[in-house]
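Number of protein chains: 2
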Amino acid sequence: MNRLFHVPLSPFCRKVRLSLAEKKVEVELVEERYWERNPEFLRRNPAGKVPILKIDGQLLTESAAICEYLEEKHPEPALLPRDPEGRYEVRRLVSWFDDKFHNEVTSNLLYERVNKKVMGAGYPESKNVKAGAKAIKYHLDYMGWLLDQRRWLAGNELSLADFAAAAHLSSLDYIRDVDWNRNANVRDWYAKIKSRPAFRSILADQIPGFPQPAHYADLDF
Amino acid sequence: MNRLFHVPLSPFCRKVRLSLAEKKVEVELVEERYWERNPEFLRRNPAGKVPILKIDGQLLTESAAICEYLEEKHPEPALLPRDPEGRYEVRRLVSWFDDKFHNEVTSNLLYERVNKKVMGAGYPESKNVKAGAKAIKYHLDYMGWLLDQRRWLAGNELSLADFAAAAHLSSLDYIRDVDWNRNANVRDWYAKIKSRPAFRSILADQIPGFPQPAHYADLDF
Ligand SMILES: N[C@@H](CCC(=O)N[C@@H](CS)C(=O)NCC(=O)O)C(=O)O
Ligand SMILES: N[C@@H](CCC(=O)N[C@@H](CS)C(=O)NCC(=O)O)C(=O)O
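Sequence order for the protein chains is A and Z.
Just so you know, we're using the working numbering here: the first sequence kicks off at 6 and counts up by one.
Just so you know, we're using the working numbering here: the second sequence kicks off at 6 and counts up by one.
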């Protein structure tokens, strides 16, 4: 049986979960409290990070490498277009979310508010939370601008870029940090992606100590 | 003419330079002092980062997406193997260096010692420099362990993983932060990669205020 060692609100894990679900690759989810650094976990991934995917007799790490591998082994439905220009744009946006959005928004909001509490690592720094709250506006505007020109973030087909973005935004939505009224394009895009069967498992997540808000799983939020 | 907007010691830029040179794609290098945030630069890349590659009438950003694009448009010589397992391992290691090594080592050493000075952003934090100096040992050991089993980092052929690693290590070597006596495998690997024609431009870099150390460009270091 395939297994994904993960943390429910990790955007990198969610991106992999969405890819697996879209491609109908079944997987058992195993929560890994990576901050406890148990030796079995470090043996599985010397980098000490989740996600870790056990598949085809191997242990795979690094979400970008995992998603490319899934794309090559399970090409249908495709999450990358066929032309190099289209593939480039998807990969650029995946990096945009996993590098820039992650550093400017996710770490300032989610990691401050949730991870610190879960790990017993103190209280949120209000300076960081403020910086994150400011930066997310600019990112939502950028997404809105992209969606003015395209049906999905990287072009006219759903792609890994949408899953990368939705992975970050859904985790932030769980802690009510996304203002869905800011941009109508972004709201419509999220409504579309939220209603996909691949999203179900993510909408069912429950984090002890952080009750799921009512709008989170509501398709008509 | 193709152009690469870059910063000489940036590991992300160096990885792209190495890929371009290995594939014999000619490019004019243009230095971009990104911290001055000039409007023309931000128009080229709203993410405000280098590298930016002008090629085929487009402006490409995000080094991982750029390298995949180059691989697809200029497949020879190949920097990714053909089988999904081999490709996975290359991509995993590229992410290892550009995420983990970058955060644990490069930002603690290079950014503290060089970037802060160049940008006029104060003095190195000795706590960070110490953490970087400690972490690099563990990374060199990990590389040595990989090279015990393989000729190159990701397998028996040279790949993007070697260029990602060499991009970080060469920048750190410029500021004398690599102990080449720590691991003989790593030293032999670096000697091999350093002697490739693709490495020449990198060995010719000169950073004002940081004279190039004698061993840096020496193939017999
Ligand atoms: N580049 C990695 C990043 C994964 C990552 O940073 N995961 C976090 C959880 S969201 C983690 O495990 N952090 C533990 C650590 O960095 O020690 C990927 O894309 O898979
Ligand atoms: N994910 C990007 C990272 C590039 C990056 O961080 N570049 C640095 C220079 S080494 C930069 O331009 N930083 C400016 C900034 O982050 O504002 C890539 O792989 O191209």
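Just to be clear, a hint being listed does not mean it is correct.
Put simply, identical chains are the same to the list, so a pair is met inside one copy or across any two.
To be verified - Simulated crosslink set (DSBU-like; lysine-lysine; CA at most 35 Å straight-line):
(1) LYS135 to LYS78
(2) LYS139 to LYS59
(3) LYS197 to LYS28
(4) LYS132 to LYS78
(5) LYS142 to LYS28
(6) LYS59 to LYS132
(7) LYS139 to LYS78
(8) LYS29 to LYS132
(9) LYS122 to LYS197
(10) LYS78 to LYS122
(11) LYS28 to LYS135
(12) LYS28 to LYS132
(13) LYS29 to LYS135
(14) LYS132 to LYS121
(15) LYS59 to LYS121
Rather than coming from a laboratory, the hints here were simulated on the basis of the structure.
Right, here's what the structure says about each hint:
1. LYS135 to LYS78: The answer is neither: 42 Å in one copy and 43 Å across copies each exceed 35 Å.
2. LYS139 to LYS59: between (38 Å within a copy, 31 Å between copies)
3. LYS197 to LYS28: within (17 Å within a copy, 41 Å between copies)
4. LYS132 to LYS78: neither (44 Å within a copy, 44 Å between copies)
5. LYS142 to LYS28: Classified as within; 32 Å inside a copy, 40 Å across copies.
6. LYS59 to LYS132: neither (39 Å within a copy, 37 Å between copies)
7. LYS139 to LYS78: neither (40 Å within a copy, 39 Å between copies)
8. LYS29 to LYS132: neither (42 Å within a copy, 47 Å between copies)
9. LYS122 to LYS197: Only inside one copy: LYS122 and LYS197 sit 32 Å apart there, 48 Å across copies, limit 35 Å.
10. LYS78 to LYS122: neither (38 Å within a copy, 47 Å between copies)
11. LYS28 to LYS135: Neither way: LYS28 and LYS135 sit 38 Å apart in one copy and 45 Å across, limit 35 Å.
12. LYS28 to LYS132: neither (40 Å within a copy, 45 Å between copies)
13. LYS29 to LYS135: Neither: 39 Å inside a chain and 46 Å across chains, both beyond 35 Å.
14. LYS132 to LYS121: For LYS132 and LYS121, the Cα distance is within 35 Å both inside one copy (15 Å) and across copies (22 Å).
15. LYS59 to LYS121: Cα proximity of LYS59 and LYS121: one copy only (28 Å, versus 41 Å across).
In this structure, the earlier hints numbered 1, 4, 6, 7, 8, 10, 11, 12 and 13 are contradicted, and the remaining ones agree with it.
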